[in-house]
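Taken in sequence, the protein lines are chains A and B. My numbering numbers the first residue of the first sequence as 19 and each following residue consecutively. My numbering numbers the first residue of the second sequence as 16 and each following residue consecutively.
Treat the hints with care, as some may be off.
With the Cβ distance kept under 8 Å, some of the chain A side facing chain B (calculated, not the full set) [stated by the list, open to error]:
#1 N238
#2 F362
#3 L369
#4 V425
#5 T428
#6 L605
These aren't lab readings, by the way, just hints derived from the structure by calculation. Ideal Cβ positions, reconstructed from N, Cα and C, are used throughout, including at glycine.
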Amino acid sequence: MEERREAPTRERRSEEHQEPLHPAIEDDAEETRRLTETWAAPTGFVGWFMPVNQRIIGRRFIVTAFVYFVLAGLLGIAMRLQLAAPENDLLAPEIYNQFFTVHGTAMMFLFAIPVLEGFALFVVPMMIGTRDMAFPRLNAFGYYVYLIGSGVFFLMLLVGMAPKAGWFNYVPLSGKLYEPGLGVDIWTTMITFIEVSALTAAVELIVTILKLRAPGMTLNRMPVFVWASLVMAFMIVFAMPAIIVASSLLILDRLVGTGFFVPEMGGDPLLWQHLFWFFGHPEVYIILVPALGMVSTIITTFCQRALFGYTAIVMSIVATGFVSFGLWVHHMFATGLPHLGMSFFMAASALIAIPNGIQVFCWIATMWGSRMRLATPMLYVLGFFWVFVMGGLTGVMVASIPFDLQVHDTYFLVAHFHYVLIGGSVMPVIGALYYWYPQMTGRMMSETAGKISFGLVFVGFNVTFFPMHQLGLEGMPRRVYTYLEETGWGELNLVATIGSVVLAAGFATTMVNALASLRWGETARRNPWGAETLEWATESPPPPYNQRHIPVVKSREPVWDWREEDERPVVVGLRSDRREVVVTSMLDAEPQAVQVLPGPTIWPFLSALAATVGFIGILFHPVFFVVSFFLAFFSFVGWFWPRRPWQED
Amino acid sequence: MDDDDDRTRRYRTPTGIMQLWAGWALGPIAWAIHQNAAFWIIPALCESGSRWPLWLITAVTLAVAVAGGAISHRAFRALGSRWPGDEAGTVPARSRFLAAAGVGIAGLSSLGIVVESVGIAVLDLCAGVP
């Protein structure tokens, strides 16, 4: 078995102490100044549209995603208030339907995926010891696409034109007959648009992780969060095309009059469900897998001990990624498919508990006997354990076809997937926010407010969603805007609503804490948590070039190595007057070449605008497709305009 | 040391690297083929009343998944059967890691095929077929 490595306990000589370089290496101040200039992002209004640095783009993803988290959360609160009492008339049925559609869509597409991608974009390059993503301009393009697509989608709610067919948009409910107007049209085009952004981030992450790792960071030394981000990226590449195809077919049915999902025209409504859930189920794991990486990272740091069963955890994460693509039919157990065929998916749905169970046991083994620090990130991880395991248990229950048929479309399912999604993803994400906040802002978030926030979230969450299991077992259907008093569901619904207010207060505490700490937070010292990974091997916040020297890695805990050996091995020879990074081999991270990255430019933003013209305009007239094509062509010409040979930047 | 030099040479070659990835690739691919092929073939089999194509799919895909795991396991043994760490000597260390994970992934895939095939033995072939 693996040796259990504890963090070195040698006292720091000073708060800002950094282990020295080899005596032969000089840290020239002039070089450092030039490096800062080379990697600096433009400022000013126009400058806002130009940066390509990974930390800026990642931070923007995270901030924007949290804005949608708040907005979609407010919609959730409004729905809970409507359901607090039987026959309530706070929200009209039309509005309620719009709210639950936008709540689900925004939480999944506008918050969950972007926030996790944002964390990956922000953290991964620093964690693997490089200075930016492999394609910085594509990174910026992805963000503007997300910003524009999500903004247009959410604006539809404000003008009362949001879709009402649920985040899953089942046909025929989402067909023209039952859902006239622009709502579903906007949903299909904007979701496709936003998924383009997800795909760009995924491609970037794959190439960056496989080719830009610091020398010495072989595959078996990659931090678990990097592994999780890599698996997430591959899952996005394989899952997103399904929803893009489904959305495209639906918009063709609605705008052109094709009949892909219309039985009278030879189509099949179940085709939508197959395509949607072939994306939709991996989607759950796309947002879970990086959260597993966050949990592993936080546990290692706050237990000050190397992760137990690294190989088993990586294997489990990879296996979870694979198996998640074989579960989609369990969303369709009530649609009348062959029983034997459904049994295959029942088996696979139960099987996925194995890799997830392996991870939980490895984390417990890491924590066992350690001197755990119960700081806020760790509290959120402990909360994750309870909530996620609960969600996993009910997941195994609903994987069973007879049980699933009993609780199908009831509040039991609402309880189950909130336990999985909030427990499995949101709690680790909030923990990660507290954890990496010093690297984002140079300040610490308030620990007191963090602990209050955790208490409110944990209690509020369980009070909100636990009663929903019982409501589901009593037969309360989901997606209803009200219920009769005689059903007897009023009390539990009231409890759930009170819990949701407490839960919202918990999240609000974190949001206020994050904003207030920007100004009043304690200044973060170098590596404030005593972590072992490379994103902490620099100042908080890091300079524009991330690290003054690209490090050389000798184990899975490089920063702890340096503390032990009191020396930092680094790469020398990169130029400071242009954006250079080291390209290394895929398996063994052996240096192969130097890549010169492009600098800031406005072209990715203009390209995103050009694409927007096509995506939105096509809803009104096909000519916009042609207009957009040419606009995009010209913007890409500007984007890829070759550097002049005598200009080396 | 000589052993490690040999291993370094061997697991830098394309053949050696393919052996390490065998469990990672063959296991999940076999499992995916089993699940999808068996799922989509059921309506046709219901008409004929024959189950043997399902058993054939199961046998072939299980063999492929097990073979993937076996290739990885062989590589793992050739690398000294030690539990992978992050020790120095990068190629043998990362090879041990890839081989061990490959055995696990192929094992889980094989288990998936076996568990899924239980239904073939006990469930009515035509139940629920439209």
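Now for the hints, and whether the structure bears them out:
no.: 1; hint: N238; in the structure: holds, 4 Å
no.: 2; hint: F362; in the structure: holds, 4 Å
no.: 3; hint: L369; in the structure: holds, 5 Å
no.: 4; hint: V425; in the structure: violated, 19 Å
no.: 5; hint: T428; in the structure: violated, 22 Å
no.: 6; hint: L605; in the structure: holds, 6 Å
The structure is inconsistent with the numbered hints 4 and 5, although it conforms to all the rest.
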